[in-house]
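A.B. asks: Sequence:
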Amino acid sequence: MTEKSSHAQHADRIADIWGTRTPHASGTQWPARVDQYLADGLTAADVDRWVRSACLLCSNGCGVEIAVRDGRIVGVRGRPEDRVNHGRLGPKGLYGWQGQQRDRLTTPLIRRNGQLVETDWETAMTAVVQRSRTLLDTKGPLSHGFFTSGQLMSEEYYTLAMIGKGGIGTPHMDGNTRWCTSTAAAAFQETFGCDGQPGSYTDIDSCDAIFLYGHNVAETQTVLWARMLDRLDGADPPRLVCVDPRRTKVAERATVHLPLRNGTNLALMNALVHELIANGFVDEDYVAAHTVGIDALEELTRDTTPEWAAEICDVPADDIRRAAEIFGTSKRVVSTVSMGFYQSHQATAASCQVNNMHLLRGMIGRPGAGVLQMNGQPTAQNNRECGCGPALPGFRNWANPEHVAELAALWNVDPLAIPHWAPPTDAMTMFRYAEQGSIGFLWIAGTNPGVSMPDLARVRRILSGDQCFVVVSDGYRTETTELADVVLPTALWAEKTGTHTNVDRTVHLSEQAVQPPGQARSDLAIWIDYARRLGLTDKDGGPLPPWNTPAEAFEAWQRCSAGRPVDYTGLSYELLHEHGGIQWPCNTAVPAGTERLYADGVFPTDAQYCQSYGHDLATGAPVTETQYRATDPAGRAILKAAAYEPAYELPDDHYPLRLTTGRTVYHWHTRTKTARAPQLQQAAPSMWLEVSRQDAKQYGVAEGDIVRVTSRRGSLEAPARISHVREGVVFGPWHYGDDPINELTLNAWDPISRQPEFKVAAVALERVRAGDGPAPAPTNTASAPANGEGRS
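At the far end of the sequence shown sits residue 792, using full-length UniProt numbering, and the numbering has no gaps.
The reader is advised that the hints may include incorrect statements.
Unchecked claim - Each pair of labels, with its calculated beta carbon distance range: (1) Val590 / Pro685: 29 to 37 Å; (2) Glu766 / Ala634: 39 to 47 Å; (3) Arg49 / Arg767: 21 to 29 Å; (4) Ala296 / Ala25: 35 to 43 Å; (5) Glu325 / Asp295: 20 to 28 Å; (6) Ala25 / Val590: 24 to 32 Å; (7) Val117 / Gln627: 28 to 36 Å; (8) Arg629 / Thr588: 27 to 35 Å; (9) Gln115 / Leu42: 39 to 47 Å; (10) Pro316 / Asp12: 37 to 45 Å; (11) Asp103 / Arg49: 25 to 33 Å; (12) Asp12 / Arg72: 18 to 26 Å; (13) Glu578 / Thr626: 44 to 52 Å.
The set of hints was computed from the structure by calculation and includes no laboratory data. No residue lacks a Cβ here, since even glycine has one placed at the ideal position from N, Cα and C.
Work out the full structure, taking the sequences as your base and the hints as a guide.
C.D. replies: Right, here's the structure in full:
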């Protein structure tokens with residue numbers, strides 16, 4: 001079924017977010033449905049050419065073709081043969097590309113007399129390199145920090161990883177992936193010894209139960225939810241369990257909805273594990289053969305009964321018991337985990353318990369039975385793989401000298417040049433170093449921390465101060481560029497060529513469709529120029545990096561990935577162009593890619609091969625190599641857990657409610673692109689705050705009233721939406737830089753993943769005045785009005 005371009009379609013795919021259903025039964029292939037949108041009344045006959053790519057407006061990574069006419073993008077359509085989406089696209093995928101066609105940065109900017117003014121590339125890059133060289137000569141490599149994104153390409157991440165870690169030698173490299181996916185990476189390393197998604201999206205097609213932990217998939221990965229809906233509407237639907245304090249569209253379809261207090265995830269998970277063990281829902285043969293740590297897990301969860309968790313989470317004990325029974329009696333369970341768990345104070349421990357539940361049931365590596373620890377961004381996986389963030393490329397272990405030596409040989413640099421004397425620096429610590437001035441040069445690429453970071457007023461002070469020279473590469477002027485010393489205009493999606501990898505390890509090639517506007521350049525070209533001007537060389541005096549083009553960078557990345565879990569050696573631009581998405585590892589042994597990891601029950605936990613020796617889940621203290629080798633799991637998964645502890649900041653008499661933040665289906669992060677797409681901006685034009693019916697009654701708040709929410713760090717006024725959020729909780733979207741809810745969030749994080757606590761902050765609520773009508777929140781999402789008084 002093909003959706004045709006028409007003005008009516010605007011309203012249809014904004015109102016009907018997930019599109020027409022194509023139900024199917026377990027074990028059958030998900031039917032194709034090609035979604036298409038062409039602007040300006042055009043038809044397919046008007047298109048000059050279609051260029052193959054994948055959508056970068058959520059972590060699903062849907063296969064897409066870009067319509068080009070007269071050198072401009074004029075629309076998109078899904079690729080029916082692509083394994084990720086079978087032709088479907090969500091609202092952001094259909095309409096978001098329009099945001100690239102207006103208000104773009106087209107020339108470099110430099111700060112003169114306190115103001116950003118236009119300049120040329122030579123002047124801008126000279127200023128960047130002069131400050132960089134001065135600091136390197138006077139303070140050394142620890143003066144430099146690089147803060148990137150989850151929206152660039154493998155070739156760009158790997159290039160910067162070599163520049164930063166092999167050329168400059170700084171450990172201060174991280175990305176805004178720290179806000180979205182660092183817990184996924186941490187949980188994989190703690191349980192399986194290495195990063196990498198075990199499961200596959202195709203598991204949805206044959207499972208008989210789906211568990212979603214803190215994952216509003218209906219809004220954050222719309223096409224994945226469409227895949228789930230087609231099973232739920234099929235002949236033999238899976239049972240669905242949803243853990244979320246809001247009544248999302250997922251919760252409305254759930255067999256069991258657990259609307260727990262935000263901040264109590266680990267208590268719930270410990271109770272679910274308790275129930276699996278207490279009721280004998282354990283594959284003892286699998287656990288004995290393929291795991292270590294069962295005795296400690298049993299001991300830790302011995303007393304974490306449903307009744308105990310019910311008191312903490314404020315959900316019925318019988319519902320916890322029912323959820324555990326579904327998990328324990330289903331033959332094939334798929335679990336997804338996302339921001340509701342990740343952006344929390346015990347994020348890694350809670351996420352590891354999800355892994356543990358699958359291991360206890362032997363539900364890893366077979367069709368319909370797997371874990372999907374989600375990414376928040378489309379190419380967060382590439383940042384993790386290529387070592388541009390807090391890891392070494394190829395999932396190498398920074399604490400293993402042989403891994404460091406191997407990487408040094410690939411790069412032809414001295415092993416001592418690669419920082420490995422201590423753990424890589426996380427983003428929260430990097431910004432503290434920038435605040436103190438020890439990082440005097442901070443390059444921010446493809447992200448907008450001036451809206452996205454917690455304790456936002458402090459972050460904006462850091463970026464605007466004189467103690468740190470700030471370079472920003474972006475396609476738009478943002479809240480962050482306005483605080484920079486130099487701003488560089490970049491090419492965006494469809495304006496450059498490169499690869500990116502989605503949640504379930506599917507690699508796509510995104511081909512250049514059009515030229516970037518004005519003087520904008522790809523991040524790859526910018527960083528190669530920087531390295532050349534800085535004079536970075538390898539041991540033999542050759543240029544570092546030794547490549548200039550995306551294809552050359554991809555080939556270098558393939559060599560780096562060889563022999564590691566994330567093996568790309570069997571991939572090529574030609575193969576990806578013809579076939580579409582392919583899952584790594586892909587090599588001569590598995591030339592078509594790998595559907596699922598660990599099908600043989602062997603995990604990358606061998607001490608000589610693993611990516612990490614792990615941590616104490618309660619304290620974050622690293623496990624040393626000696627300690628790890630003493631209990632070497634030798635290819636077995638590790639059952640790890642921690643006791644529940646309350647959140648860092650709890651309600652009290654002055655701040656009696658809990659704040660939680662999140663996303664809405666129509667916008668992507670800080671709206672630099674989606675705010676410029678008319679259909680998406682009209683669907684969610686401005687900030688709102690959600691309160692429950694009970695709290696609205698207590699505080700005298702009506703739909704659309706202007707309310708003020710105040711934390712210990714700041715306050716925010718916005719129209720109130722009386723929604724189905726649980727009592728005692730205030731929800732707000734974090735997309736709106738002019739009304740930034742992150743001024744209220746706190747500067748605290750999980751001890752292992754170092755992912756910030758966005759989901760719990762103590763706040764007070766007060767009514768300020770009457771509004772001008774209903775809140776501007778969508779009415780067909782989790783933000784739907786409880787009393788039906790939404791916008792028409």
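A.B. asks: What hint numbers does the structure not satisfy?
C.D. replies: 1, 2, 3 and 7
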